[in-house]
Amino acid sequence: MQTPKQQNLVKLLDGPILPLHDLLQKFASPLGLYKVQLAIFHCANLYSEEPIMAVWENILQSDFKYEGEVPERLLCTLQDLHGIYGQTKYFPRSKFEKIDVPEERKILIPLDYILRRLLELGSGMTGRFKRGVLPASFYVSLISKLDLNYIDFIELLSSEYR
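Here the sequence shown stands for residues 1 to 162, where the numbers follow UniProt numbering.
Just so you know, these hints were derived from the structure itself, not from any lab. Some clues are possibly wrong.
Pairs of lysine to aspartate or glutamate residues, derived as EDC-like cross-links and limited to a Cα-Cα distance of at most 16 Å, are as follows [what the hints assert, rightly or not]:
#1 Lys65 to Glu120
#2 Lys11 to Asp22
#3 Lys145 to Asp80
#4 Lys26 to Asp14
#5 Lys145 to Glu72
Let the hints inform the model, and build the full structure from the sequences given.
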């Protein structure tokens, strides 16, 4: 069942084509559609590191909110987004990866950020998500599904847990 607010939003969408900015401001952001927000940034070729980092944080946080299948959900989400945005500036990069973007737009979301957040949220040590502990096998699967470099991951672990 839809609430009156949701019905109104559907009516607004069932009309003329809206500019991407309107879709972002009126629908994707207020409704917490984080993957849609990332898609809008990509389609509009809008790149600002801070909002994109916030979207990635929200994507990770939203997957940790579900009971039970957190590792599977995270792997699916990250693999799907890697498939769509893996060769773009909208997917986090390791410090050794390069993508073909103009020099003035070389600011990239560090993959280290995503991995560190996964380690933090997945450790069960954060107050909000104590139930969301990720097993070690999750990280092995993540490395293979996202074609990450094992050495980079070990260096990250080493720096994180010194």
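_Structure versus earlier hints, numbers of those that do not hold, lowest first_ = none
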